[in-house]
Amino acid sequence: EHSNLAARYSMVAPPSLGSAPPPVYRGLGRCACAFWLAVAFDVVGLAVLLIGVFASVFFYDLLIYAGAIVIFLSLIWWVFWYSGNIEVPPAELEDDVGLLKKNKGGLSRFTGAVSRFSSRVSSGIRSSLRRNGGAPGGRTSKRSAAGRPGAPHTEQVAVAMATVAPQASAADAAVSCDVEMPHTTTETSPA
1 EHSNLAARYS MVAPPSLGSA PPPVYRGLGR CACAFWLAVA FDVVGLAVLL IGVFASVFFY
61 DLLIYAGAIV IFLSLIWWVF WYSGNIEVPP AELEDDVGLL KKNKGGLSRF TGAVSRFSSR
121 VSSGIRSSLR RNGGAPGGRT SKRSAAGRPG APHTEQVAVA MATVAPQASA ADAAVSCDVE
181 MPHTTTETSP A
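Quick note, the sequence shown lines up with residues 1 to 191 if you use the working numbering.
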């Protein structure tokens, strides 16, 4: 009976097939380590949390928060275990990982033409941006803002201010402020 069980659960390929079949994972799946880490985090976190709730210690709030945090961190291991055991057939992976499908007729020629056109357009745009100094929102452009026709010419504004202290007479409290207004001009081009 023992040899029957060993032969039944053996993953050795029969000699006639030539290549080994994919291993069959039973029970916990491929990521058993992540599963046991998740269970351990849950058990430790629950134990710490319950000690914080039921034990009469002066740092019970620390234990409650620490237990909750450890239980929350166990979610990382649960996600690892679950995502490691997702089975996707190879036919569905062809589009995602770059495996080429067999010729399916005119559709593959059309998608190839669209792909070539897209790469030509994007490389043209990329080289144009390199020649002109980059994207408008990215690096600084070689053209200045004041050099464009129709752009207002601005100058620096100097404002002189003084502190006013309470004085005995109104004549002594006069404060002068010198303000230069910006000189803006707009050029209009004939239509």
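Think of the hints as simulated: they come from the structure by calculation, not from any bench.
This structure is a prediction, so every number in the text was calculated from the model and none was measured.
Among the clues, some could well be false.
Claimed, not checked - Label-pair distances were calculated between CB atoms; the ranges are: (1) Ser118 / Val159: 52 to 58 Å; (2) Leu93 / Tyr25: 17 to 23 Å; (3) Ser123 / Val24: 35 to 41 Å.
For every residue, glycine included, the Cβ atom is placed at its ideal position computed from N, Cα and C.
- Ascending list of hint numbers which this structure does not respect: 3
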